[in-house]
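S.K.: Work out the full structure: start from the sequences and follow the hints.
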Amino acid sequence: MSGKSDVRHTLTNRDVEQLSKAALKAEWSEAFEQIASGVAEDIDETWDRRHKLWQEMQERTDADPPKCPECAETAGWSQKLGGPKECNACGWMPSDENLALVEEIDSYWQSVQAIDSAQSQTTTENDQ
Numbered sequence: 139m140s141g142k143s144d145v146r147h148t149l150t151n152r153d154v155e156q157l158s159k160a161a162l163k164a165e166w167s168e169a170f171e172q173i174a175s176g177v178a179e180d181i182d183e184t185w186d187r188r189h190k191l192w193q194e195m196q197e198r199t200d201a202d203p204p205k206c207p208e209c210a211e212t213a214g215w216s217q218k219l220g221g222p223k224e225c226n227a228c229g230w231m232p233s234d235e236n237l238a239l240v241e242e243i244d245s246y247w248q249s250v251q252a253i254d255s256a257q258s259q260t261t262t263e264n265d266q
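Under the working numbering, the first residue of the sequence shown carries the number 139, and numbering increases by one thereafter.
A couple of the hints might just be wrong.
Under the rule of at most 25 Å between Cα atoms (straight-line distance), these lysine-lysine pairs were calculated in the PhoX-like manner [stated by the list, open to error]: (1) 205 to 223; (2) 218 to 163; (3) 190 to 218; (4) 190 to 205; (5) 190 to 223; (6) 163 to 223; (7) 205 to 218; (8) 163 to 190.
Hints listed in this document are in silico derivations from the structure and should not be mistaken for laboratory results. Because the structure is a prediction, the values reported are computed rather than measured.
M.R.: This is the structure in structure tokens:
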């Protein structure tokens, strides 16, 4: 299924590869809301689902995460709620002196979440 018809603001077990970008983002956002508000039935399961959704959104994005100035890896960045950004490869965290890098990371994350990108939709056999 592709497009708005598969967008659900609930957590599902649907194959992430078959979801549209809009459906991925809707479910990813719902998982975040459930975790942040403390209503997730199984926080580990919800976190794992959110991670799978994010990985699929990254796969459909042409952009690459900025390199870490400490280890030169492009393994990506993470951030705990309210905390600093952190390199997934070495754990280095940018400080206030690295505002340009923080903005690059934010820009990358926005591109991953963008629904209108060229690779935003998937096609199933029924849609071909």
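S.K.: Hint by hint, say whether it matches the structure.
M.R.: Here is how each hint holds up against the structure:
1. 205 to 223: 13 Å, holds
2. 218 to 163: Within the cut-off at roughly 19 Å; holds.
3. 190 to 218: Distance of about 17 Å is within 25 Å: holds.
4. 190 to 205: 22 Å, holds
5. 190 to 223: 20 Å, holds
6. 163 to 223: 21 Å, holds
7. 205 to 218: 19 Å, holds
8. 163 to 190: Within the cut-off at roughly 11 Å; holds.
The earlier numbered hints are all upheld by this structure, with none contradicted.
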